[in-house]
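K.L.:
The end of the sequence shown is residue 302 by the working numbering, with every number in the run present.
Watch out, some of these pointers could steer you wrong.
[Unchecked claim] Derived DSSO-like pairs (lysine-lysine); straight-line CA-CA distance at most 30 Å: (1) K129 to K110; (2) K149 to K61; (3) K139 to K104; (4) K158 to K260; (5) K129 to K104; (6) K149 to K225; (7) K260 to K129; (8) K273 to K129; (9) K110 to K144; (10) K158 to K144; (11) K139 to K260.
[Stated by the list, open to error] So the derived label-pair ranges between C-beta atoms look like this: (12) V135 to S113: 27 to 35 Å; (13) F217 to P112: 37 to 45 Å; (14) I182 to W140: 51 to 59 Å; (15) F217 to H73: 26 to 34 Å; (16) I182 to K108: 18 to 26 Å; (17) Y295 to K129: 40 to 48 Å; (18) H73 to M138: 27 to 35 Å.
The hints are simulated quantities; they were obtained by calculation from the structure and are not laboratory data. Keep in mind that this is a model prediction, so the values were computed, not measured. Even glycine gets a Cβ: it sits at the ideal position worked out from N, Cα and C.
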Amino acid sequence: MSSPDNRNPNLPDNVAQSSATGGAPHHPDKEFVRFRPLERALHATMVVSFLSLAATGMSLKFSYTPWARVLSHFLGGFQTAGYIHRFAAVCMFIVFVTHLVSLKNLRKEKYPSWTNMILGPNSMLPTLKDGREFVATMKWFLGKGPRPKYSRWTYWEKFDYFAVFWGIFIIGSTGLTLWFPITFTRILPGWCINLATIIHSDEALLATGFIFTVHFFNTHLRPEKFPMDVVIFTGQMPLAELKRDKPMEYDNLLHSGELKGKLAEPHPEVVVKMIRAFAWCALAVGFSIVIGIIYAMIFAYR
1 MSSPDNRNPN LPDNVAQSSA TGGAPHHPDK EFVRFRPLER ALHATMVVSF LSLAATGMSL
61 KFSYTPWARV LSHFLGGFQT AGYIHRFAAV CMFIVFVTHL VSLKNLRKEK YPSWTNMILG
121 PNSMLPTLKD GREFVATMKW FLGKGPRPKY SRWTYWEKFD YFAVFWGIFI IGSTGLTLWF
181 PITFTRILPG WCINLATIIH SDEALLATGF IFTVHFFNTH LRPEKFPMDV VIFTGQMPLA
241 ELKRDKPMEY DNLLHSGELK GKLAEPHPEV VVKMIRAFAW CALAVGFSIV IGIIYAMIFA
301 YR
């Protein structure tokens with residue numbers, strides 16, 4: 001065993017001891033803070049707005065089905081569903097702009113330049129490393145290699161992240177065109193309204209299907225996360241979970257001495273239960289919409 005003199009003074013005693021012996025730190029009373037309060041609030045708002053957009057949008061798209069008519073009646077009619085849809089869209093735009101502003105503030109706080117932030121080790125941009133991790137993950141799935149040592153962001157998390165940018169640009173721009181057709185047709189030909197209708201409808205269907213299947217699986221239904229991962233809502237995760245899911249990030253934080261400043265007390269149990277209730281409601285609504293979409297597709301070809 002290493003002597004106390006070799007401990008890292010930047011770490012708590014139990015972390016320093018574990019680091020010196022090469023083991024994992026034990027913090028039964030501490031959790032790793034992964035997301036800031038603003039990030040958690042933005043994601044929660046985005047969840048509510050996206051669910052509202054999906055529910056109202058799909059009920060309008062598949063208005064010929066019984067479930068869409070029941071849902072629209074519950075919401076106050078198709079016209080009211082349209083109002084809810086537009087309000088949710090405004091909320092989504094606000095979330096997106098707020099996130100961009102937060103990125104600017106984050107750059108000022110932690111990074112010397114935009115280049116360092118965008119191209120640094122914690123970059124959200126896809127890199128060659130992500131490509132190698134993708135290949136290694138496929139090998140792991142087939143039993144041909146070990147599980148990759150993921151860092152702070154995995155390739156599927158980056159894909160989900162930039163999918164929002166794509167959705168805001170494509171679905172948001174076409175939605176605004178349909179919301180203000182007279183304004184846009186002052187500078188665009190009339191056929192652009194028809195094109196916007198098709199793009200908005202089909203891209204929204206694609207986004208809804210992706211979020212409520214692929215994203216839900218990656219986030220909640222993977223064996224190591226099942227039945228639910230609430231870290232984006234609580235902002236915190238057990239150290240053992242960090243070491244298992246993000247071993248490279250764990251090692252970097254441990255050896256740099258930054259781990260101490262990223263530990264916090266667990267949330268009260270009642271808070272966690274409320275968060276889980278909210279998440280379960282979101283999952284239930286999402287899966288219900290997927291079932292409704294599948295039914296509508298089958299119903300359309302009878």
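K.L.:
All hints are to be evaluated individually against the structure, with a verdict given for each.
P.N.:
A quick look at each hint next to the structure:
1. K129 to K110: 23 Å, holds
2. K149 to K61: Cα-Cα ~43 Å, so violated.
3. K139 to K104: 38 Å, violated
4. K158 to K260: Between K158 and K260 the Cα gap is close to 27 Å, so the pair holds against 30 Å.
5. K129 to K104: Roughly 25 Å separates the two Cα atoms, so the pair holds.
6. K149 to K225: 17 Å, holds
7. K260 to K129: The given pair, whose Cα atoms are some 28 Å apart, holds under the 30 Å limit.
8. K273 to K129: 37 Å, violated
9. K110 to K144: 39 Å, violated
10. K158 to K144: 25 Å, holds
11. K139 to K260: At roughly 35 Å apart (the allowed maximum being 30 Å), K260 and K139 break the hint.
12. V135 to S113: 27 to 35 Å: At 31 Å between Cβs, range holds.
13. F217 to P112: 37 to 45 Å: 38 Å, holds
14. I182 to W140: 51 to 59 Å: Once the Cβ atoms are compared, 55 Å apart, the range 51 to 59 Å for W140 and I182 holds.
15. F217 to H73: 26 to 34 Å: At roughly 32 Å between Cβ atoms, H73 and F217 fall inside 26 to 34 Å, so the hint holds.
16. I182 to K108: 18 to 26 Å: 41 Å, violated
17. Y295 to K129: 40 to 48 Å: Holds - the Cβ-Cβ distance for Y295 and K129, about 42 Å, lies within 40 to 48 Å.
18. H73 to M138: 27 to 35 Å: Taking Cβ atoms as reference, H73 and M138 lie about 46 Å apart, which means the hint is violated.
This entry does not satisfy hints 2, 3, 8, 9, 11, 16, 18, going by the numbered hints stated previously.
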